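Put the complex together from the two separate chains, hints included.
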Amino acid sequence: MKKKKSLLLSLLQAAKNFAQALPMIVGIMLLLGLFQSYVSQEHLAALFSGNPFTDTLTASLIGSISGGQVINSYIIGGELLDKGISLFAVTAFLLSWVTVGIIQLPLEISMLGKGFAIFRNLSGIILAAFMSLIVVYTLQVIA
Amino acid sequence: MNEMKKGVDKGTKNKARGKNSYYFLGGVIILYFILFLFDSARTLQAVKISGKTIIQVAPVFLLVIIFMGLIEYFLDKKMISRHLGESAGIKGWLFAVIAGILSHGPFMSGILCLRIYRLRV
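As you go down the protein sequences, you meet chains A and B in turn.
Take 1 as the starting number for the first sequence in my numbering and just add one per residue.
Take 1001 as the starting number for the second sequence in my numbering and just add one per residue.
Calculated directly from the structure, the hints in this document are not laboratory data.
In this text, all values refer to a predicted model and were calculated from it rather than measured experimentally.
Each hint should be verified, as a subset may be incorrect.
Here are a few chain A residues that sit away from chain B, every Cβ distance over 10 Å (derived from the structure) [unchecked claim]:
no., residue
1, Glu42
2, Lys83
3, Val136
Okay, derived cross-link-like pairs now, DSS-like style, lysine-lysine, Cα gap no bigger than 27 Å in a straight line [as the list claims (entries may be wrong)]:
no., chain 1, residue 1, chain 2, residue 2
4, B, Lys1078, B, Lys1091
5, A, Lys16, B, Lys1091
6, A, Lys16, B, Lys1052
7, A, Lys16, B, Lys1078
8, A, Lys16, A, Lys114
9, B, Lys1019, A, Lys114
Facing chain B, according to a computed beta carbon distance under 10 Å, are these residues of chain A, among others [what the hints assert, rightly or not]:
no., residue
10, Ile28
11, Leu30
12, Pro106
Note that beta-carbon positions come from the ideal geometry of N, C-alpha and C, so glycine has one too.
Bound-form chain B, shown alone (with noise of 0.2 Å):
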């Protein structure tokens, strides 16, 4: 019962963050709109750095989600939560640790495996 409580509280919850995500977006467009009225020369600037900067990191965002969804098909829940989970101790930490050092891309890249994998745990 708890466990269903959980899951519908989740659904919930992850379709508020995807309606902020869209209201978040929309702000961002109001903007550039709104700056672009004052100087639009350096609005399409921006335009075409963001446009530049979403074709570079395309790449390492779909390997994400490979790596995201090959975890989740290979690795066992319980394995990864004794591993890495708050009962793995100094071990998870420098595991951690050791990964965050090792891996490379952007920051977003980061935030998103933490929430893919907090997902999962």
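Bound conformation, chain A alone (with noise of 0.2 Å):
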């Protein structure tokens, strides 16, 4: 009959698998901290153009290079909002901010393999874009 492994072990073994991903995880988050400090909300907001197709295209893609914390998406999605970005994009930008991480990719490479991570990621922002007409136009109907 097979042994089983003591409690220590187990939690020994998640740790080591953890430890091999740390400094992967340590170059993301220093990555989005050089994000965080060099894109600013003034930024993010010149890039949009006032059209809700082209905007919600661009936030799709915004979201994705974004990342961190989920409350900090619901902060610059009501600044965006404020400054007369379409719900459209908005909605997108919050969509992919939280489905896409394109400067996540490399740690979701190596822990989930090459092809699963892009494939993931790509079809994320797609969706971003087209969840986001879904949600406004649902939100149109029943308001």
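Next comes the structure, spelled out in structure tokens:
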């Protein structure tokens, strides 16, 4: 009969797996710090033209590159709405912030494989734009 | 024999992954040095933001390690595979969706959980 591992060994194994990814995780946090420091909300707002269609695509891309705590995306989304950016674009921004992680891509590739990570992120960008249309149109019908 | 080969492949892959991890961190540190030469104030601000983020997420990662260790200890490999593996079908998919909705924390902790889970199954 196979002997069961001790609890300490199991915890050590999990810690070992984590330690392997730690340098990559720290690197990604440093990259996110750079992004937040160098790219301000004003920079982001300046990228929008006022056309809902192109703004939605732009927002999907910006949300994909941005990262960090989800709460930050609500604050930035609110600021963008105040600056007159369309609800389509802000919704796409929120969705891609949560589902896509371009900066985190190296970590995702290293952990879950190149093909999966690239396909998941690409489909996330496209679906964020598509979902924002559904969300806003549904909201318009309900309201 | 095949299992042994699989184990060796896994070990080699893990070693390569560990190495790449360090190369990536080295590359980011070099980028910081270069940017520091152009705009020291913003780069120092980036260090502060990153430090704050690391402090914020450290307890979450600690919880992830403990949680995954407990899963490793208490749950049987076959049981996890039966309920969440490919053979679980729609039930496994539904469980994953609900677990994802209820989970909270950094995106990276989710990736880490999935990785450890894949190593386990």
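The hints, checked one at a time:
no.: 1; hint: Glu42; result: holds (14 Å)
no.: 2; hint: Lys83; result: holds (23 Å)
no.: 3; hint: Val136; result: holds (22 Å)
no.: 4; hint: B:Lys1078 - B:Lys1091; result: holds (16 Å)
no.: 5; hint: A:Lys16 - B:Lys1091; result: violated (31 Å)
no.: 6; hint: A:Lys16 - B:Lys1052; result: holds (24 Å)
no.: 7; hint: A:Lys16 - B:Lys1078; result: holds (23 Å)
no.: 8; hint: A:Lys16 - A:Lys114; result: holds (22 Å)
no.: 9; hint: B:Lys1019 - A:Lys114; result: holds (17 Å)
no.: 10; hint: Ile28; result: holds (7 Å)
no.: 11; hint: Leu30; result: holds (5 Å)
no.: 12; hint: Pro106; result: holds (6 Å)
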